[in-house]
Amino acid sequence: MTDNGRPRTLFEKVWDAHTVREQSDAAPAVLYIDLHLVHEVTSPQAFSMLRERGLMVRRPDQTIGTMDHSTPTTPRNELGIIPIADAMAAKQLDTFSRNCSDFGIPLYALGDAHQGIVHVIGPEKGLTQPGMTIVCGDSHTSTHGAFGALAFGIGTSEVGHVLATQTLLQNKPRTMAINVEGRLGEGVTAKDIILAIIARIGIGGGTGKVFEYRGEAIRSLSMEGRMTVCNMSIEGGARAGMVAPDDTTFAYMHGRPHAPSGADWDAALAHWRTLPTDAGAAFDQELTLRADELIPMITYGTNPGMGMPIDGAVPAPAAEPDFNKKTALDKALAYMDLSPGQQLLGKAIDVVFIGSCTNSRITDLRQAARFIAGRKVADSVRMMVVPGSQQVKLQAESEGLDEIFRAAGAEWREAGCSMCIAMNGDQLQPGQYAVSTSNRNFEGRQGKGGRTFLASPLTAAASAVAGVIADPRVMQAN
Amino acid sequence: MEKLRRIEGSIVGIPVNDIDTDQIIPARFLKVTDKAGLGKAAFCDWRYLEDGETPNPDFILNQPAYAGASVLVAGNNFGCGSSREHAPWALLGAGFKAVISTEFADIFRNNALKNGLLPIVVDRDTQQQLFSLADEDPGTTVHVDVEAQALTLPDGRRVDFPLDGFSKYCLLHGVDQLGYLLALEDEAQAYEASNPQRVTTTG
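First to last, the sequence lines map onto chains A and B. Just so you know, we're using my numbering here: the first sequence kicks off at 24 and counts up by one. Just so you know, we're using my numbering here: the second sequence kicks off at 69 and counts up by one.
Don't read these hints as lab results, they were simulated from the structure. You may find that some hints are simply not true.
Stated by the list, open to error - Once the Cα atoms are required to be at most 20 Å apart in a straight line, the calculated EDC-like pairs of lysine to aspartate or glutamate come out as: (1) K471(A) to D119(B); (2) K399(A) to D425(A); (3) K354(A) to D203(B); (4) K108(B) to E118(B); (5) K236(B) to E45(A); (6) K103(B) to E75(A); (7) K108(B) to D126(B); (8) K370(A) to D402(A); (9) K471(A) to D232(B); (10) K349(A) to D191(B); (11) K348(A) to D191(B); (12) K349(A) to D203(B); (13) K165(B) to D244(B); (14) K195(A) to D232(B); (15) K471(A) to D109(A); (16) K399(A) to E434(A); (17) K471(A) to D360(A); (18) K348(A) to D193(B); (19) K354(A) to D126(B); (20) K471(A) to D113(B); (21) K349(A) to D244(B); (22) K354(A) to D113(B); (23) K471(A) to D244(B); (24) K354(A) to E118(B); (25) K165(B) to D213(B); (26) K71(B) to D232(B); (27) K165(B) to D228(B); (28) K370(A) to D334(A); (29) K114(A) to D203(B); (30) K349(A) to D360(A); (31) K348(A) to D360(A); (32) K114(A) to D125(A); (33) K471(A) to E121(B); (34) K348(A) to E260(B); (35) K103(B) to D117(A); (36) K71(B) to D191(B); (37) K236(B) to D48(A).
Unchecked claim - Here are some chain B residues the structure puts well away from chain A; computed CB gaps all over 12 Å: (38) R74; (39) I75; (40) S138.
Ideal placement from N, C-alpha and C gives every residue a C-beta, glycine not left out.
Pulled out of the complex, with its shape left as it was, chain B reads as follows:
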């Protein structure tokens, strides 16, 4: 995972609540065995017309004014539904570095953080302000400082956002969480020594 310290990027808004993982990436794209190339599947059924190839000109991500946007502003409860980590893989593949919403589904948030896609929780007013800015002034840029846990709007207003210390450390240093768990092998063994195995799948 690459280090993520700051993001300077233009915003695009999808003001729809409860955007589920089947919209972020439909299940028919989950037959892959790697992570590469999923960007084209992001929001596939909204991005393309019925033939699955012709871009839907009405969908915001297809509008030239928003090309290159790297910060997605979404309605409440983004990423609900399945546990597929293909959702953050697809968003990253489509060029996004952060998603802003008032709330994220638990599994999506965990998956996003493990891949360097930053979920930024803001209050309703900030979310609505960002929707308006994106709508009225395509190309609007925001600044995100991961260390300071701060989102800076074009008018200079600073919005603090929550980020647990462990995830922050991993993002800033570009390390994944597995190394931490592997280093706890002694503690895992001690746990197993004092807790008999509860079920055996073999035999």
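Chain A extracted, bound-state conformation:
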């Protein structure tokens, strides 16, 4: 569909359809927000602001709450309740419950059968739909772009703006097409695609931009795989990443609780089919990668841009001509206690974490479980598997995946953000090494002094079994 005959990108179509007031020299554009996701950590100060000013939540029927960041993932007690040991977390969760209740916002609270990571439950409930604008006080809101929505993280002040007005001030970002051509090889996953992209463009490469992921390799991904890719757009500096909706999208959505049904479904489908970027539409920037040249990726440093093919060697700061980059690399290798030129394959690890809004969905758990079935987690390794939502957990249990993980010696936990952000007691000890399917390897991210290697669920499972960083392709061949 074109506007005045001018071909438009997917992003432009969604942006244009949500513009309440155009951007001008005097002010940014005002965008209408279709869906606002809220959680306990970035909302309390926004609700306080509403109370101070005597404001209501304008559209509680377009707002949904879940508890995820500071919730424990320890087992339920004999009453079926998940106990909260941390008094501050308990207070924050109580505050959130009260805020949702007072302002009429539906909430999936801790213990609810639909509770889970905010970026897992949105799509799971069919709330996330093509062509929508979606925001949340969480940078990984980019996840929802997998459905062809414009979805991005906002700060707490902006959470307040959206609660009060259902609109948001935004300067229009530039666009960047990321074409991933060809087909992925065996043992190479969506996570490896996005880690390769970020290693290529750097963690600031997408600042001020919205990515659109395109090409055969993206089209071939499941919705869960597309979510993994879009999820880490922010690690490349882009607030949002999008994939054009297609039959894979529609098949995933059909029949979900909040998805349109009956005649509404047909009408929605007809609209969604108009969303993909028009032929001839221009992007501000383009990048092309070959999927068939990718192998499993792993990070070696302290940001997600410090990644390499798993058989690579840690780069040498001395070879880095840019002083600032050299300093950052020096600091990263000192923190990670790694040496220039060192191979990571065979490096001993202490913890494996499978979870987070990047890689905690049913397909991620199936991949890891298939790999680990009949094998044992190395004695020296603690392996945690944290499903992204209670529904993912139930589904996995119905397929017997929990038994596979337990039999291998892994911990099977309750749903939440867990060791991705290490706010809830699930954390690394100082000096420990983890292979993690999460999204950030920043210093201390998974616990003060902890050291993180980001990788796919397959690489994580292979490393758990080997007790060292391992290439899942090699072990599978054996």
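We have chain A; now place chain B onto it with these hints.
Using the frame of chain A, we list chain B on its own:
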């Protein structure tokens, strides 16, 4: 939000690229329900030794010569990572009024501006000059004029920096952006009248 018209302050440099929000304030401090008292958590894991209490004498913010610095000069791409607005709250709580870098992550920049913490984008040469000045002459003071969008260095050199007109207005007048959006209620209603609700979370 208080009005921010000018800043006269001494600089301190952290010449590290890609300082992420987990360094500015680690996630374990996000279990609060208000904004107060986060200053002590700023750069916590760099500022304190392993016990979390003893100041790390090697970290620049703990060196007496830089006590009271209110302008932070940082490496490229400052504030990348999470959307936590606790990052500018912590920096403000630690006494900073402005951060100078060559580039800021989008969400951090937005959050900073909404709280009266000024992100100042300069070119690489200016950034390096400021690192050198801070290093060689602790207590070096710079002057920032928000209205003129100008940073003045000790040698009198004036460096212009970008600032969108809307954010500038809000900083100069000490108003937040919500008032502007609330005043557009009619336009929001008109939008809703011509665009059917796309999803319902209730029911």
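Hints versus structure:
About 11 Å separates the Cα atoms of K471(A) and D119(B), which keeps this hinted pair within 20 Å; it holds. The suggested pairing of K399(A) with D425(A) holds, with an alpha-carbon distance near 14 Å, which does not exceed 20 Å. Proposed proximity of K354(A) and D203(B) is supported: the alpha carbons are some 19 Å apart, at most 20 Å. Annotation: proposed proximity of K108(B) to E118(B) holds, straight-line Cα distance about 15 Å (limit 20 Å).
Of the supplied pair hints, the one linking K236(B) and E45(A) holds, its CA atoms being roughly 19 Å apart against a limit of 20 Å. Among the hinted pairs, K103(B) with E75(A) is consistent with the structure: their alpha-carbon atoms are about 14 Å apart, no more than 20 Å. Taken as a hint, the K108(B) and D126(B) pair is honoured in the structure, with Cα atoms around 17 Å apart against an allowance of 20 Å. At most 20 Å may separate the alpha-carbon atoms for a hinted pair to count; K370(A) and D402(A) meet this at roughly 15 Å.
Distance hint between K471(A) and D232(B) is unfulfilled; the C-alpha atoms sit about 37 Å from each other, more than 20 Å. Distance check on the hinted pair: K349(A) and D191(B) sit about 19 Å apart at the alpha-carbon level, within 20 Å; holds. Restraint check for K348(A) and D191(B): satisfied, since their Cα atoms lie roughly 16 Å apart, inside the 20 Å limit. Under the criterion of a C-alpha separation no larger than 20 Å, the hint pairing K349(A) with D203(B) is consistent with the structure, at around 18 Å.
Only pairs whose Cα atoms come within 20 Å are accepted, and K165(B) paired with D244(B) is accepted, the gap being roughly 17 Å. For a cut-off of 20 Å, the pair hint linking K195(A) to D232(B) stands: about 13 Å separates their Cα positions. The straight-line distance between the Cα atoms of K471(A) and D109(A) is roughly 17 Å, inside the 20 Å bound, and the hint therefore holds. A hinted pair counts as satisfied when its Cα atoms are at most 20 Å apart, and K399(A) with E434(A) qualifies at roughly 12 Å.
Of the pairs offered as hints, the one joining K471(A) and D360(A) holds, with about 15 Å between alpha carbons and a cut-off of 20 Å not exceeded. At most 20 Å may separate the alpha-carbon atoms for a hinted pair to count; K348(A) and D193(B) meet this at roughly 15 Å. Distance restraint check for K354(A) and D126(B): the Cα-Cα separation of roughly 14 Å lies within the 20 Å cut-off, and the hinted pair is therefore satisfied. Taken as a hint, the K471(A) and D113(B) pair is honoured in the structure, with Cα atoms around 7 Å apart against an allowance of 20 Å.
At most 20 Å may separate the alpha-carbon atoms for a hinted pair to count; K349(A) and D244(B) exceed this at roughly 40 Å. Under the criterion of a C-alpha separation no larger than 20 Å, the hint pairing K354(A) with D113(B) is consistent with the structure, at around 14 Å. Annotation: proposed proximity of K471(A) to D244(B) is violated, straight-line Cα distance about 35 Å (limit 20 Å). A distance of roughly 17 Å separates the Cα atoms of K354(A) and E118(B); the hinted pair therefore holds under the 20 Å criterion.
Between the alpha carbons of K165(B) and D213(B) the distance comes to roughly 12 Å, so the proposed pair stays at or under 20 Å and holds. For the given pair, K71(B) sits about 16 Å from D232(B) by alpha-carbon distance, which is consistent with the 20 Å threshold. In summary, the hint linking K165(B) to D228(B) is supported, as the alpha carbons are separated by about 18 Å, within the 20 Å threshold. Under the criterion of a C-alpha separation no larger than 20 Å, the hint pairing K370(A) with D334(A) is consistent with the structure, at around 12 Å.
With a C-alpha separation of about 43 Å, the suggested pair K114(A) and D203(B) falls outside the 20 Å cut-off, and the hint is violated. For the hint linking K349(A) to D360(A), the alpha-carbon distance of about 16 Å falls within 20 Å, and the restraint holds. A C-alpha spacing of about 18 Å is found between K348(A) and D360(A), which places the hinted pair at or below 20 Å, so the restraint holds. Annotation: proposed proximity of K114(A) to D125(A) holds, straight-line Cα distance about 16 Å (limit 20 Å).
Taking the CA atoms of K471(A) and E121(B), the gap is near 14 Å; set against the 20 Å cutoff, the hint holds. The straight-line distance between the Cα atoms of K348(A) and E260(B) is roughly 48 Å, outside the 20 Å bound, and the hint therefore fails. The straight-line distance between the Cα atoms of K103(B) and D117(A) is roughly 18 Å, inside the 20 Å bound, and the hint therefore holds. Between K71(B) and D191(B) the alpha-carbon distance is near 27 Å, which puts this suggested pair outside the 20 Å criterion.
Pair hint K236(B) plus D48(A) holds up; C-alpha atoms about 12 Å apart against a cutoff of 20 Å. Every CB of chain A lies more than 12 Å from the CB of R74(B), the least distance being 23 Å, so the non-interface label holds. No beta-carbon of chain A is positioned within 12 Å of the beta-carbon of I75(B); the least distance is around 21 Å. The claim that S138(B) is not at the interface with chain A holds, since no C-beta of that chain comes within 12 Å of its own (minimum 22 Å).
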